[in-house]
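Novice: Please build the complex by placing chain B on the supplied structure of chain A, with the hints as guidance.
Protein chains in written order, with our numbering: chain A, 1 to 83; chain B, 1001 to 1494.
Please keep in mind that the hints were generated in silico from the structure rather than gathered at the bench. Don't take each hint at face value.
Said to hold, decoys possible - DSSO-like mimics (lysine-lysine), calculated; alpha carbons at most 27 Å apart, straight line:
1. Lys1162(B) to Lys3(A)
2. Lys1138(B) to Lys37(A)
3. Lys1494(B) to Lys1470(B)
4. Lys1162(B) to Lys1336(B)
5. Lys1196(B) to Lys1440(B)
6. Lys33(A) to Lys1066(B)
7. Lys33(A) to Lys45(A)
8. Lys37(A) to Lys1066(B)
9. Lys1196(B) to Lys1017(B)
10. Lys37(A) to Lys1440(B)
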Amino acid sequence: MNKWEVFVDDLSELPEGEGLELTIRTLNDGFHKYTYKRVTAEVSKSLDQYADSLQVRFGRGQLSDKKYSINILGEIDRFPNYQ
Amino acid sequence: MSAILKDEGGTAINAPKSNREYIERLMETGDCVRIEQEVDWDNEAGAIVRRVCELAAPAPLMENIKDYPGFRYFGAALSTYRRVAISLGMDPDSTLPEIGKEYLKRTNGEPIAPVEIERSAAPCKENILMGDDVDLCKLPVPLVHEGDGGRYIGTWHAVITKHPIRGDYNWGMYRQMMYDSRTMCGAVFPFSDLGKTLSEYYTPRGETMPFATAIGLSPLAAMAACAPSPIPESELTGMLAGAPVELVKCETNDLLVPANAEIILEGEIIPDVMVEEGPFGEYTGYRTSPRMPRVTFRVNCITYRNKATLTISNMGVPMDEGQLLRSFSLGLELDKLLRSQGIPITGVYMHPRSTHHMMIVGVKVTYAGVAQQIAQLAFGSKLGPWFHMVMVVDDSIDIYNWDEVYHAFCTRCNPERDIHIYKNTTGTALYPHASPHERKYSIGSKVSFDCTWPVDWDKVNDVPTVVSFKNVYTQEIQDKVTGNWEAYGFDPVK
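The following block holds chain A by itself, in its conformation from the complex (with noise of 0.2 Å):
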């Protein structure tokens, strides 16, 4: 199980059962833990729906009391042009 994290206005960019496409971080212990990936994923409320979990902040870096699980169905490559 991976711990992710992502940053947002209001909960409602997070709708259940819809393709996402979201700029995550890790929060796995170990010296990459922070670091971003650009994902599509899908989010449940429900916290056993997926195997990895999702916490959520907001934009001045509140935690939200909402917890996540989430489901990456893969990455984006944001650099394409810069390898």
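Specialist: Same frame as chain A, but now just chain B:
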């Protein structure tokens, strides 16, 4: 090589030339604490630096970072005036006016050009990571504040760029967040030197812009990177230090960087992709600027010294070096600007607790409208976006004494006549009082407070008399009372 500067006593300036030499000086004076127990890069190091700032405690040197053996942290490098004095090679107990006078003296002299040295002589080349070895996570990039948008590698540093046409260098302290192993992003405001170069040249052409980030600078190089001076930062550093700065060429581009910096990141600013940056604890004492796509830096090469020291500034409520040093240099650069225009000022002071938002100006009032003239010059200058209040007092007020300034403000500033508001000016995304729309587009507003007596008031019959011990009693009475003070039964006055 330029001549070595002398201080007022005619002796050579003895300022520390590197971050390491500076730390040694701070150790000698008790202004640095060596922390040998393990410190976590994930919040703990940031919290230590924040508490140091809020308590005005000695600067912390953290020698044992979790997950990162062989690296060190140094925080709150210049968050007290004692440390500013030490960085300039002055007596640590120098007063603020003395430090300011010395800064003005050194920076009003002839620029001291940097010198380029060979790569083999540059400490910053002791370790070089290129190609697949480049990974920012190999450096102990801290999570400075809980809830920050990312780990910030650039909080006390210089982003070094070169104008593509003019060829002049810019060293700027643009914050940089680690996005992934090869990518950083940062707040570059449109009115800044780098912001203008990007919007005027690189972005329209779709070209990448070479950059280098230097971390762990000498304290005076950091001071220069912070200072809003028209003098190129490498030359300004030389003027402050009294000796040329040594520069060395990057590995992957032609930029020149400080040879004794602890860490150098080389790469390109990319014009066609922006990634989300922020939020971050800012110098105003808040997280204000919104998380949004910002200027993006791709890193191609990392060089660093053995036992490299990553410098951390933890911005928040006063006082950290973001407020203290910026207030210090911004006020003094405004002093130079106003004097260059022939304005009869007696001094400029920005109290760090104003988070460099209020400029206090002392002036010898000899003609009408001088307060507004000062405000318009200051707001209209290149420095204008960084503050939004100007308070002008006459030369009877000690600008460094907030009690006196506050009293003048509350008693001499006529709400109808002496407060002037300037609308739709340039602001910053960091102003807590600005609306979300204003922050997004760097729209500001400003205000000036004229706390001087009107020149057309009769000085005998219209201007009120200040009722104070020093002002209303004869010298004979003052001497008698002060001479008998302890005999009256009072404690001695310090």
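Novice: Decide, hint by hint, whether the structure agrees.
Specialist: Evaluated hints:
| no. | hint | result |
| --- | --- | --- |
| 1 | Lys1162(B) to Lys3(A) | violated, 41 Å |
| 2 | Lys1138(B) to Lys37(A) | holds, 18 Å |
| 3 | Lys1494(B) to Lys1470(B) | holds, 17 Å |
| 4 | Lys1162(B) to Lys1336(B) | holds, 26 Å |
| 5 | Lys1196(B) to Lys1440(B) | holds, 16 Å |
| 6 | Lys33(A) to Lys1066(B) | holds, 13 Å |
| 7 | Lys33(A) to Lys45(A) | holds, 24 Å |
| 8 | Lys37(A) to Lys1066(B) | holds, 24 Å |
| 9 | Lys1196(B) to Lys1017(B) | violated, 31 Å |
| 10 | Lys37(A) to Lys1440(B) | holds, 25 Å |
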